[in-house]
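Novice: Now for the letters of each chain:
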Amino acid sequence: MCVMGKPLNKAFESLGKGNYGGVWVPLFNRSGSLLQEQILDAGNAWRIALEETAAALPLAQEDIDLLRDFGELLGKSDRDMQHAVLAMEKEKVSALERKAKEEAETTGKLYRNLGALLGAAAVILLI
Amino acid sequence: MEKVRHLHALDRISSYLPDRLKRVVSRMDPGKAAGLEELRINAEMPLVGVFSGFDCFIAADGSFTCRHDQAFRVGREEVEELFYRLCEHSVYAYQDDIARGFLTLKGGYRAGICGKAVYQGQTLKGFKDISSICIRIPRELKGCAEPIFPFIRAGRHDICNTLVISPPRCGKTTLLRDLCRIISTGSEAADFAGLRTVIVDERSEIAACYRGVPQNDCGPRTDVLDGCRKAEGIEMALRGLSPAVIVVDELGTGQDAESIKMAWNAGARIVATAHAYDINDLRERLGFGILIGEGGFERYIVLGIRNGSRWVKVSDAYGNRLYSDQAFRMPDGVFRVHSHGAEMFREAESQAACTSEVQGHPAVPGERDVRNGETVEQGF
Chain A
1 MCVMGKPLNK AFESLGKGNY GGVWVPLFNR SGSLLQEQIL DAGNAWRIAL
51 EETAAALPLA QEDIDLLRDF GELLGKSDRD MQHAVLAMEK EKVSALERKA
101 KEEAETTGKL YRNLGALLGA AAVILLI
Chain B
1 MEKVRHLHAL DRISSYLPDR LKRVVSRMDP GKAAGLEELR INAEMPLVGV
51 FSGFDCFIAA DGSFTCRHDQ AFRVGREEVE ELFYRLCEHS VYAYQDDIAR
101 GFLTLKGGYR AGICGKAVYQ GQTLKGFKDI SSICIRIPRE LKGCAEPIFP
151 FIRAGRHDIC NTLVISPPRC GKTTLLRDLC RIISTGSEAA DFAGLRTVIV
201 DERSEIAACY RGVPQNDCGP RTDVLDGCRK AEGIEMALRG LSPAVIVVDE
251 LGTGQDAESI KMAWNAGARI VATAHAYDIN DLRERLGFGI LIGEGGFERY
301 IVLGIRNGSR WVKVSDAYGN RLYSDQAFRM PDGVFRVHSH GAEMFREAES
351 QAACTSEVQG HPAVPGERDV RNGETVEQGF
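Heads up: the sequence lines are chains A and B, in that order. Numbered according to the working numbering, the first sequence spans residues 1 to 127. Numbered according to the working numbering, the second sequence spans residues 1 to 380.
In isolation and in its complexed conformation, chain B is listed as follows:
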């Protein structure tokens, strides 16, 4: 089902593509295309497809190859044409998005834009001479957070302040979106009533609003502050929307941390994500120490990819492991890399950039597995 939905998403994206590119995409093997996470379209460069933890070039016949000289090369005019199509031939209407470096398309797809930056004084006004476009195909995997949710629930009407941590492209936002949906909707299975939720969606990734309408299911009690900076959005939400839970993506600055503290002082729960390999990695960041440890987040969900399959671990503020899944069972489509069967794919997987666990990230001292009652020497 997930594969079918993903292929449908690819069809919709194809409608934006210039003719030659559309033909290449239409020739791709549907089984492999279902695993496509990004399409990178660079002027005068090979067409690149990004899969779970690896990427490869796409040839004119739609096949995947590791050799760039065999890949389909995209023309400059095609990138320009694609850009205008993505903007619905109305650059002025997408001007603010362009200045932020991406466009949100109908259906929740996102296209990152590269080109020559144009400044007006100190302000980035937009881009001209568009050189590359990266179309990201989002995954709305309903149900992927269900195994985890009971560990962040703190009663029928409350949840724990939760931080989702992972390196880029490991599924943080996908998990956050589904957690938001469950928190807002409620869950009979987890005996949870559902809470008023506000998403501060600075990069339009969680709800993926298109003309004011969320393209992803974020639950019936959810308000979305779309394109709003986190610090401002959290303050606005607290003043005007009386949320029980605030959901934010990609905490990164000291100011973000201060805003989180402010929300806690106002009695709101926070579910957030941050780029990091583990808690220690995050703790060392300037301004973030106040969110970790005593009085900080109560649950940590750490995600990663190992040899193409995702893993997830949940721990409490004291490092006690509450949940661990070495082969995180997201619905079909996330294990897609194993279903391709092609040698090239397996080889590429082993060279994946996002292999945090293989590279060995720092251990959290004294972490204990609550389920097994044993102390874990290694990190997550």
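Only chain A is shown next, with the shape it has when bound in the complex:
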């Protein structure tokens, strides 16, 4: 985005059309079209698009909140600052990802333990 110097609406359009999208395509496309209309700034366009598409995204509320804040700084500064903003957001997302993995592991372990416990209970009950 910053290297190519594409405006946000075009950048979102490219992201929507590219292979990066997946479940994010509707969010990128909606953000791009809202910005194209020139009525909203980037923060509001991103927020509205996120609200409209959040239901279809496999995210927790905490993740949605983080993504909402991210939009506030989009496009409001020069390339260096935008790089810094994106790096900071990437860091935050990585932290959330680590947390989600830990939770998955913990939950997985719990389920595994629960499974073993239920198996043992079944054995005890049946015998």
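Wrong hints could be hidden among the right ones.
What the hints assert, rightly or not - The calculated SDA-like cross-link candidates involving lysine to any residue, where the alpha carbons are at most 25 Å apart (straight line), are:
#: 1; chain 1: A; residue 1: K6; chain 2: B; residue 2: D97
#: 2; chain 1: A; residue 1: K10; chain 2: B; residue 2: T123
#: 3; chain 1: A; residue 1: K6; chain 2: B; residue 2: K128
#: 4; chain 1: A; residue 1: K6; chain 2: B; residue 2: C228
#: 5; chain 1: B; residue 1: K106; chain 2: A; residue 2: L15
#: 6; chain 1: A; residue 1: K6; chain 2: B; residue 2: F127
#: 7; chain 1: A; residue 1: K76; chain 2: B; residue 2: R76
#: 8; chain 1: A; residue 1: K6; chain 2: B; residue 2: T123
#: 9; chain 1: A; residue 1: K6; chain 2: B; residue 2: D226
#: 10; chain 1: A; residue 1: K76; chain 2: B; residue 2: S132
#: 11; chain 1: B; residue 1: K128; chain 2: A; residue 2: L15
#: 12; chain 1: A; residue 1: K76; chain 2: B; residue 2: C209
#: 13; chain 1: A; residue 1: K76; chain 2: B; residue 2: E298
#: 14; chain 1: A; residue 1: K76; chain 2: B; residue 2: N42
#: 15; chain 1: B; residue 1: K116; chain 2: A; residue 2: L15
#: 16; chain 1: A; residue 1: K6; chain 2: B; residue 2: R211
#: 17; chain 1: A; residue 1: K10; chain 2: A; residue 2: K109
#: 18; chain 1: B; residue 1: K106; chain 2: A; residue 2: G5
#: 19; chain 1: A; residue 1: K6; chain 2: B; residue 2: R136
#: 20; chain 1: A; residue 1: K76; chain 2: B; residue 2: Q120
#: 21; chain 1: A; residue 1: K90; chain 2: A; residue 2: R68
#: 22; chain 1: A; residue 1: K6; chain 2: B; residue 2: G107
#: 23; chain 1: A; residue 1: K76; chain 2: B; residue 2: K116
#: 24; chain 1: A; residue 1: K10; chain 2: B; residue 2: C209
#: 25; chain 1: B; residue 1: K142; chain 2: B; residue 2: R221
#: 26; chain 1: A; residue 1: K6; chain 2: B; residue 2: R221
#: 27; chain 1: B; residue 1: K128; chain 2: A; residue 2: L73
#: 28; chain 1: A; residue 1: K10; chain 2: B; residue 2: L103
#: 29; chain 1: A; residue 1: K76; chain 2: B; residue 2: K128
#: 30; chain 1: B; residue 1: K125; chain 2: A; residue 2: G5
#: 31; chain 1: A; residue 1: K76; chain 2: B; residue 2: A117
#: 32; chain 1: A; residue 1: K76; chain 2: B; residue 2: K142
#: 33; chain 1: B; residue 1: K128; chain 2: A; residue 2: G43
Calculated from the structure, these hints are not laboratory results.
Knowing the structure of chain A, use the given hints to seat chain B on it.
Specialist: Relative to chain A, chain B alone:
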């Protein structure tokens, strides 16, 4: 037709404006709005409209007034909002333009930016705290150079090295753009075949490229080096684009003059503009003497405004006047100041800043009017 196109341009500019400003602009009398050349939007200051050779304040009801206390006042947040809109909410994408002090918008409009300069070392990186924006509405007046073109033509396949001179805001770039179009396209009326042309458009004013596409018609044989410094652009064009004609705007430095000489040595013709009141004014500038006189430009087109109407004069390198039009007939829209009919406008015209001929610029000694065969004592 020109008025209609101009109003359409104003509509497109309005789409960038914050709501309150948009309402003011939409209330302007279309007849007067058609003559608007610039819209000056300063934070906490009155809204100013610039017309041909004069300016006036714009009131909240869209009327024009000479009294600033009756004018619509623009809020700081509105200037900021306008700035973000002009940047398509993507400041990083316009960073290089911002560092040069202007943005080129779709349609070829240009917005000058003022604010607090931000330096990184010795380099101007951009501006913050944007305090004012000046939106300039360009005029692509196709055909305005047609009466002049036969005087710079030097055969079916050649033109004279030509310099367009005038004070600011007298139509240099408009004329240059149309000359470029004719040179590139060719002209049956003038028995001219058309030549490969390169525009070195340092300030993106001639072709007004938006995302690589010229927004103005500069002809089918034209390549545009957009945003490129003149000296570098001329060298690049000579090396890689083999132009017959190079078109540049606003020559101003000794280095520019050296580059022009280099292009001449390489066999390319130059059509250029320069800020000046007349040839003598230009000759006295450091480094410019080499372009004037023997071995220099062969045609000089001098433009000016007198009492709101434009005049144009063409002379050769020896000061012989080849063409003169005291009421230069650019297409409808340039005489717009006369069509308003309002007293305020006429009064303002008489106080116009750009009245070079009224102020009396230096004469060119011995200048002769070739058409009338008489020596002209006064300057252009």
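Novice: Of the hints given before, which are not true for this structure?
Specialist: 2, 11, 13, 15, 17, 26, 32
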